[in-house]
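Take the sequence shown: its letter number 251 is residue 237 in this note's numbering, and every next letter is one higher.
One should not assume that every hint holds.
[Said to hold, decoys possible] Derived DSBU-like pairs: lysine-lysine, alpha-carbon spacing no greater than 35 Å straight-line: (1) 225 / 236; (2) 137 / 236; (3) 235 / 246; (4) 295 / 364; (5) 282 / 314; (6) 364 / 282; (7) 368 / 321; (8) 321 / 443; (9) 246 / 225; (10) 436 / 314.
[What the hints assert, rightly or not] Taking CB as the label site, the calculated pair distances span: (11) 316 / 429: 18 to 26 Å; (12) 240 / 385: 49 to 57 Å; (13) 102 / 27: 20 to 28 Å; (14) 250 / 385: 41 to 49 Å; (15) 250 / 117: 40 to 48 Å; (16) 221 / 101: 43 to 51 Å; (17) 327 / 435: 30 to 38 Å; (18) 366 / 160: 38 to 46 Å.
Don't read these hints as lab results, they were simulated from the structure.
Backbone N, C-alpha and C define an ideal beta-carbon position, used for all residues, glycine too.
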Amino acid sequence: MQEMWKTFFSSGSFIPHGHCYLWHTPLVWLHLASDSIIALAYFSIPITLVYFISKRQDLPFDWIFALFGAFLVACGITHIFEVWTLWHPTYWLSGTMKAITALISFATAILLVDLMPQALALPSPAQLESTNRLLESEIVDHQLAQAALQKAQVELEILLEQRTEELKSQAQKLEQVLSELNQARSQLIPSPEMSFFRQLLTELPHHIHNPIHFICGNLTYVREYVDSLLELVNLYQDKYPHPLPTIQKKISDIDLDFIKEDLPQILISLTIAADRLIGIVQSLRTGSRLDAADIKIADLHESMDSILKMLSSRLTPKQGSCHIEVIKEYGNLPKIECYLGAINQVFITIIGNAIEALEENSHSESVAASQPDPPNIKIATKLLENEQVEIRISNNGPEITESVMKQLFNPFFTTKPVGKQGIGLGLALSHAIITVTHQGELQCISAPGKGAEFIIKIPISLQ
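Go ahead and model the full structure; you've got the sequences and the hints to work with.
Below, the structure written as structure tokens:
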């Protein structure tokens, strides 16, 4: 083994390559310079490849570059040995290096064949350019969508401002009408001038009707517009969850999530307020509806039962209040001629006021403790001898004071605090419906500890 290694590194009986060139100086220098330059080139190329691999760590098969660099290094060493053997004939060592180079080159060639399908699968420059164009097109579409969203937000703000101004304008008109009504209030005298009040009831619905229905009509369109714009905003946020920084800042500044949550609630509140105004106008129209076409033959017991069923939710117990019992003592009444809608309005007003009085009474612990009987409303009917029917509606709530009793049927008189529902027309309208429209009687009696009782007398026939 020692002799083999000695033979491997020794020149033995071989002669250097220089003898083959007859030590011709120009020829020796030619081979020396050529092999040296080739070796330097082979050594520099792997250094460049290593630098390239270190900077491009995203390459899918960087190992082939390392293998190719090893092949170049081996080739460079063989050329170094070409220079060395010009003077030192260690041909065994030189041949071994060439064999190593051959193995590396053969392995590289085999692996290149196996790698070729993967290399061919890489996108071409034309494909990359096409992909870039598609990405640029998507970016443009994204920017257009963002611009459309900004435009929609601006239009939404403008639309809300316009609708708000319109609603404010209509509200001012309503306030003006109510101001005129309050001015008329001071000129109304309860009983003798009831004919003037009837004329007022006839004219008021016409003046208030158009502004209120203008508000209701616009609220429908506002809801549609707002729903459409909010759907657009939600669709944009679903498709483009990461908008541009400027849009993100704008969304944060205007608190878009709060607007999307609060705006529908505002519209609902406006709709409820408008519906309440329509209810007031309808009450006015009911009180002023005097044409003969509305006269009907009616069963008052059936009407009363329908009204009680309609008000049943207010009669059931709620938190902080007791159940209100309804006691019926119906007599044998014939069907009568009447303006049924107006009569129903009278029943609703009187029973509704009784429910409110009993509810307020139950909220007072001291009053509730001193009251032996549970809250109740008693409805009694009977036929009188003078071709009239009598309806008595009483409750065991608090008494009505003498000062309130004097103004009970005055227009716009109310005992409710400012801001609560009611403007003092309910009982005034009821009094006009019974005494003027039906030529009957409506009175109220009250005594301490006995609550209040309303007595209605109307003729069987309006002829």
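Under the constraints set out in the numbered hints, which ones does this structure not fulfil? none
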